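Enquirer: Respectively, the protein sequence lines represent chains A and B. If you read the first sequence in the working numbering, its first letter stands for residue 1, the second for the next number, and so on. If you read the second sequence in the working numbering, its first letter stands for residue 1, the second for the next number, and so on.
Among these hints, one or two may not hold up.
[What the hints assert, rightly or not] Ranges between beta-carbon positions, derived for each pair:
#1 Arg46(A) - Ser67(B): 31 to 37 Å
#2 Arg46(A) - Gln12(B): 45 to 51 Å
#3 Val81(B) - Asp66(A): 24 to 30 Å
#4 Gln39(A) - Leu128(B): 26 to 32 Å
#5 Asp66(A) - Asp158(B): 31 to 37 Å
None of these hints come from the bench; they were simulated from the model. Just so it is clear, the structure is predicted and the values come from calculations on it, not from any experiment. Where a beta carbon is used, it is the ideal one built from N, C-alpha and C, also for glycine.
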Amino acid sequence: METKLITCPNAEQTIVGYIDGNLSTDDRISFERHMASCQVCRTIERELRMTQTLLRTLPSVEPRQDFEARLAARIADVKLKPSPWWMRVWLPSYVKPARRRHVAIPVVAVASVVASLGFVYVSRVPTVKTGAVQTAAASDETAVLSELANQHHAASATQSLGDTSGVVVVASDMATGGSW
Amino acid sequence: MHQDAELIARCQRADASAFDAIVARYKTKIYHYLYRMTGNAEDADDLTQEVFIRMYTNIGKFRAEASLSTWLFRIAGNLAVDRFRRTKNSRRLVTSLDAPIQVGEEEASRDVPDMSMAPEVLVGRRELADHIESALAKLPAKLRSAVILFDVEGMSYDEIAGVEGIPLGTVKSRIFNARVALRDSLRPYLETE
Ligand SMILES: [Zn+2]
Chain A
1 METKLITCPN AEQTIVGYID GNLSTDDRIS FERHMASCQV CRTIERELRM
51 TQTLLRTLPS VEPRQDFEAR LAARIADVKL KPSPWWMRVW LPSYVKPARR
101 RHVAIPVVAV ASVVASLGFV YVSRVPTVKT GAVQTAAASD ETAVLSELAN
151 QHHAASATQS LGDTSGVVVV ASDMATGGSW
Chain B
1 MHQDAELIAR CQRADASAFD AIVARYKTKI YHYLYRMTGN AEDADDLTQE
51 VFIRMYTNIG KFRAEASLST WLFRIAGNLA VDRFRRTKNS RRLVTSLDAP
101 IQVGEEEASR DVPDMSMAPE VLVGRRELAD HIESALAKLP AKLRSAVILF
151 DVEGMSYDEI AGVEGIPLGT VKSRIFNARV ALRDSLRPYL ETE
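Bound-form chain A, shown alone (with noise of 0.2 Å):
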């Protein structure tokens, strides 16, 4: 069996393995006589464990009763905006549906509605495209699209529609990618 020497400055991911049991049976044995003879190895290791007894000892932490409530309300919000077809053909299902009228609305008025909303969505997000989506929306989603008037018109009454700084929409980059 080979014995591997570890050297103190290489040894700060045996010790991070040796704390978290994560080295395998060799590497172990291999450490735990390096520090047998070496003091500081030893002192680290021993401070490092307290340590993490220490951050262990933090108490959980929960998140508000009201949680989906307002996560629901959020996402109504964002639902209001120009989006992708998936966001437009579902909600959770704490979210409350509209009621439901499939009666046409007529293309003006909801010309006029996703008009509007595309000016507060490009005002707030001005990277955003939004001809495309009033182009396909303008065609075959005149159902949807008076569900969504509906839903802006019960809204506009009942809540502002002032704050969505924190409101999403969609930065692909953030959502899905890269490591920081």
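Starting from the known structure of chain A, arrange chain B with the ligand on it as the hints suggest.
Expert: Below, chain B with the ligand without anything else, positioned relative to chain A:
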């Protein structure tokens, strides 16, 4: 894992109950991570909501082979870092009065004739937690995230590597460096031999 994949697939087929199930499953873990990252309940709450809103708006882009947990924690980590950049010296790590339900103390506050629940012990515990929290706050976000994911969230090195998008060796270095810095901040609380 398997269950996550199924929930995601159902979400992508517009099954709203699957979205609810994912929220129920992950909200406490994500909140806890963000609470430890930001040091305050208000930001943690806001950002946890933001994580699920982003999941909701991006669900169509999610690839079936990816891990939902990794994806959610990655969004959360990015949001936390972004929040730091925007509110550098604001009310971070003010945790005493508006702290959320602290499970340990919830029990502790009941009338139990047990000396470990004596006021001075509780004050000591609160004080220790405050010190640990401010020690965490002093860490660079990358180190803080690694050590929280491991020691608080109980993730494996591999999972952390996935969340942070870094090699395994870097995960170990970050955890090591984080613990060294925490040890230095918390030295008064370390027992001496
Ligand atoms: Zn040594």
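Enquirer: Looking back at the hints listed earlier, which ones does the structure fail to meet?
Expert: none
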